[in-house]
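Protein sequence lines correspond, in order, to chains E and A.
Under the working numbering, think of the first position of the first sequence as 1, with each following residue one higher.
Under the working numbering, think of the first position of the second sequence as 1001, with each following residue one higher.
Treat the hints as calculated values from the structure; they're not laboratory data.
All values derive from a computational prediction rather than experimental measurement.
There could be a bad hint or two in this list.
Claimed, not checked - Ranges between beta-carbon positions, derived for each pair:
#1 F25/E to F1199/A: 31 to 39 Å
#2 M1512/A to G14/E: 49 to 57 Å
#3 F18/E to D1503/A: 53 to 61 Å
#4 G1473/A to F25/E: 42 to 50 Å
#5 T1308/A to F25/E: 39 to 47 Å
#6 F25/E to N1143/A: 30 to 38 Å
#7 F1365/A to L28/E: 37 to 45 Å
#8 L10/E to K1544/A: 23 to 31 Å
#9 D1519/A to L10/E: 45 to 53 Å
#10 N1143/A to F18/E: 40 to 48 Å
#11 G1424/A to L28/E: 44 to 52 Å
No residue lacks a Cβ here, since even glycine has one placed at the ideal position from N, Cα and C.
These are the residues of each chain, in order.
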Amino acid sequence: MKISALIMMLFAWGVIIFFTGKFLFKALRTKKEEE
Amino acid sequence: MTEIKKKEEWGSRIGLILAVAGNAVGLGNFLRFPAQAVQNGGGAFIIPYLVSFFLMGIPLLWIEWAIGRHGGKYGYRSTPGMLDSLGKSKLLKYFGVFGIFTNLTVAAYYCYIESWTLSYVWHSITGTFSGKTTEQISLFFSNFLDLGNGSLINFPSEAVIFFVVSIALNLWILSRGISKGIEIASKIGMPILILFGIFLAIRALTLKAGDHGAIYDSIVGLNFLWEPQFDSLSNPKVWLAAAGQIFFTLSVGMGSIHCYAAYLKEKEDIALNAATAGFMNEFVEVILGGSIIIPIAVAYLGLDWIKTNVGFEMGFRTMPMLFQHWGPLFAAVAGMTWFGLLFFAGVTSSIAMGQPVMAYLQDAFNLSRKKSALTFGAMTILLALPCIFFYEAGAFGEFDYWAGTFSLVLFALGESIIFVWVFGIDNAWEEINRGADIKIPLFFKFVIKYITPTFLVAVFVGSTLKPVDGNWGAAFGNLFSGNGWQFAADSVIGNILNVGIADTRWFINGIMTNVFIIDMTRILLFIAFLLISASVHFAWRKKKSADVKPERSSL
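So here's chain A without its partners, still in its complex pose (with noise of 0.2 Å):
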């Protein structure tokens, strides 16, 4: 074993649980969680939601931090070193490229969305949308990205201007270090975000039929959220929304959190951390995300239209009109919170995708902090290339699929059995329970080691094999009657046949098609995954050839 080459470390314990649920708190708290609700049984979604979070959410958040304290004892700050700290096999170390991976590719279009958000600051705060209709608020998102131009390829100018400049924050933040950087603006963000976060639920409540042009109490709204539909319950479909929804929003599965882990002492609390900042991630999103967005939207458009457009997009193409009916100064002030608060979302989110990638560097290569943060930022900017630039064409999606979903479910599921069953249950026990401030009850024991995996192997194999409207009865039915399974186009399996598209040819009449697009795209992950190893396979070797002890050394 080797020391750690100047140790850094956490400053505050509560600076450490708020960069952690920083890092988990996101755009899709506020976003998808509404929408996965509505959309998979109202009030009944918080049963397998709850569920979820207790039997997996819970023990994967003690898994990784598990794991990342413990790489973190031989000078590990980055999964591969971590994975291959756990056993024998030299090929666990490669399954640890997936944490770096993962951070670079999804920081890379995740870092372009905040950008979107720190733009609709300037924009609400200098008026522009102002006295706009629904339709011209929803074309300046189109304009602001330069869709439907009828070209493939958009030149979205204004869009780039801030994206380099949340790059460039993101690395001034992370070029300061764990305690000066990270945790400073977590410390700064979090907070803001939370009271942003109130102000704009208390408003949303608050809204009355008649009240700025409002046609609905939000209560109807609240009532379309919270409402049960007990017979979801027996959907399959609702559940692996649920178990989906506890997985991405707990941001596990990428890599960040072990390598936040990493700069705890050895006999350092991570129960208790991991809890905490797993319950902070919750209320921030069933507190606060299902107050604002679906209770203002209803009180102004009504259920029906709730019903066909609720998603993602909403937040940009949708809310900026809706604060338009409170006035140009209450306006501007809603508009600023709002769009404020997703900016901190993804802050505090991306910089935790860098840590990991720059700890790697840092280890890998001996780069100072500074080359390992400009490093990042080139690496992040040459990826978001195609995501800007065929954002139409399906880059951007592409991305989002494979590195963004796809690959966290996979590392989730390989390291939980590498965790559990290589380095071996007892020993994951002992390494959670090391310095606890809270006693885990010995339930938990039986669930990492069997429910955890398999909620994981559900999500992982629900994604895989999702049917066409997720309808998995009919597809059973389909199935036993010799029709063979009908994949969803969203599924793995879908994805990768090209479901749902009629012609998959690249070029027609010489010209380049979207699936060619989509499929350089995948290409373009693939070679970024096989790089990241090779890497790794050479930094293993040089190091091999230096140390005394090459498995124990100091990547």
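Chain E extracted, bound-state conformation (with noise of 0.2 Å):
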């Protein structure tokens, strides 16, 4: 794979596997009051 590609796309890739990852496990975490 291309160099500049493979780096726009782990990129693009971490952004959101971090974001995701990261709110997701604090949702996951927080539940809700009556749960």
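Each of the two chains sits in its own frame; use the hints to bring them together as a complex.
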């Protein structure tokens, strides 16, 4: 794979996986008050 | 303020997040995003895409969740009442009509597409595509929709049967309620969708040249999708395309997010929920959506073919043929997972369109959940008829353009201005942050007040005045040299003026033309909007005479 394409893909994937994981993890730990 | 008659609630936080993410994840994640990326700078597209997501997408999600939860506090579960509760003007509730109109009209044609995916799951499993050539599979799609029959009217009998089945499934889910219907459907549908997506992405990314007839490594497709053309970043067309993609992928401007948020308690978090659902959608779109259709298609068909054929119909006309290279059993599995994934993406979105309409019917006309579901179903089928029978004549496209594109942008622009400038930025900021499980940086207060509306104005103006070929530089050059502004055929003005259509007569030799169908469809959509506005007017008047405090009635 071309290095420039790989960098752009990993950048996009990295940003999205980081924030999705971070927020999902926090949301699952902080459940609804009734749960 | 009056109490909600019977308070429905979400059963769990993850159920709510999956439902909102499911609302956002749709067919566009897998079919529209890759096409937009390859046509707008490849890997460089991700820069304006992520900038738009952080400065317009996420703030707009917060705005819509906040409007919804604020309206829910007063017993409003659809946008006319929600917007009415944000200010004193009596006109606000009429602007909220968009939140009913778009859901109803988009559901009509969206459920039709959804039914195609269900039908294709069936045909993949039963081996219909087995042994067929590229042309035969493409022809199957045309025959399925009864296209190219030489008549103005299409009679797609099989598609109609699957459409009825899809509508019935949607109504069944909706009639079960928020926690037992929508939430359970999302908890089942979203994980299956993601698993199917991961399965296909792994298969796509491990394709090698010579493997099952592939001519290229799938990495060639990834290079094509991700190789950055940084000079494209100076082109306004690319930025508008990125902002437009973010806008449509998040399903904002519809009223469905508002409705889901209305079932939250006053102090329940919306900041973290909105961000999580938004990023889940991005995960599905960029990581899964970007790793399936382009790598597989490039591996078998090459770059030149993709450049000229990438688009929505490729998912139906081409993918089943490509799966045939993998042998009968694997082709059936791949077809089932691909169209199953699209079907689950469709269902979780279409039920989100049904709920606001049903909530409005329940609140305004005291209908039971089942009766409101049936009424929604009847209205959806009625509105879908022109999309089905005049598909080729342009009715479907008109629904998609005016209801599924133009109205969404207009509503999102209006609601953000109302929320920030009428309700007030301080109230808005307090509303977004109440009960928040994350601390939103203060910087976003500025973004929500100025940047997000500016982005929306840009998308709105961009779509209204889009010049030929999206070439803004040349368009301004023409304008300043006295040659006027040349509108693109797919711009709002271009559509209204029928740009690109040489003969705009309704009848030629006594026979109806496509222009007649297109204009009648526009009139139908306008009448639908007026009827919903009238129903809002009468519902408010009825409540005004019944309630002590009409402006906070239980609509």
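Hints, one by one, checked against the model:
A C-beta distance of roughly 24 Å is found between F25/E and F1199/A, which places it outside the suggested range of 31 to 39 Å. Our hint of 49 to 57 Å for M1512/A and G14/E holds, since their Cβ atoms are close to 54 Å apart. At roughly 55 Å, the beta carbons of F18/E and D1503/A sit within the given window of 53 to 61 Å. Separated by about 46 Å at the C-beta atoms, G1473/A and F25/E satisfy the suggested range of 42 to 50 Å.
Evaluation of the 39 to 47 Å hint for T1308/A and F25/E yields a pass: the beta carbon distance comes to about 43 Å. Look at F25/E against N1143/A: about 48 Å separates their beta carbons, and that is not inside 30 to 38 Å. With their beta carbons about 39 Å apart, F1365/A and L28/E fall inside the hinted range of 37 to 45 Å. With their beta carbons about 59 Å apart, L10/E and K1544/A fall outside the hinted range of 23 to 31 Å.
Remark: the range hint 45 to 53 Å for D1519/A to L10/E is upheld by a beta-carbon distance near 50 Å. Between N1143/A and F18/E the Cβ separation comes to about 46 Å, which falls inside the hinted range of 40 to 48 Å. Here the CB-CB span from G1424/A to L28/E is close to 34 Å, at odds with the stated 44 to 52 Å.
Against the hints set out earlier in the document, violations occur for numbers 1, 6, 8, 11.
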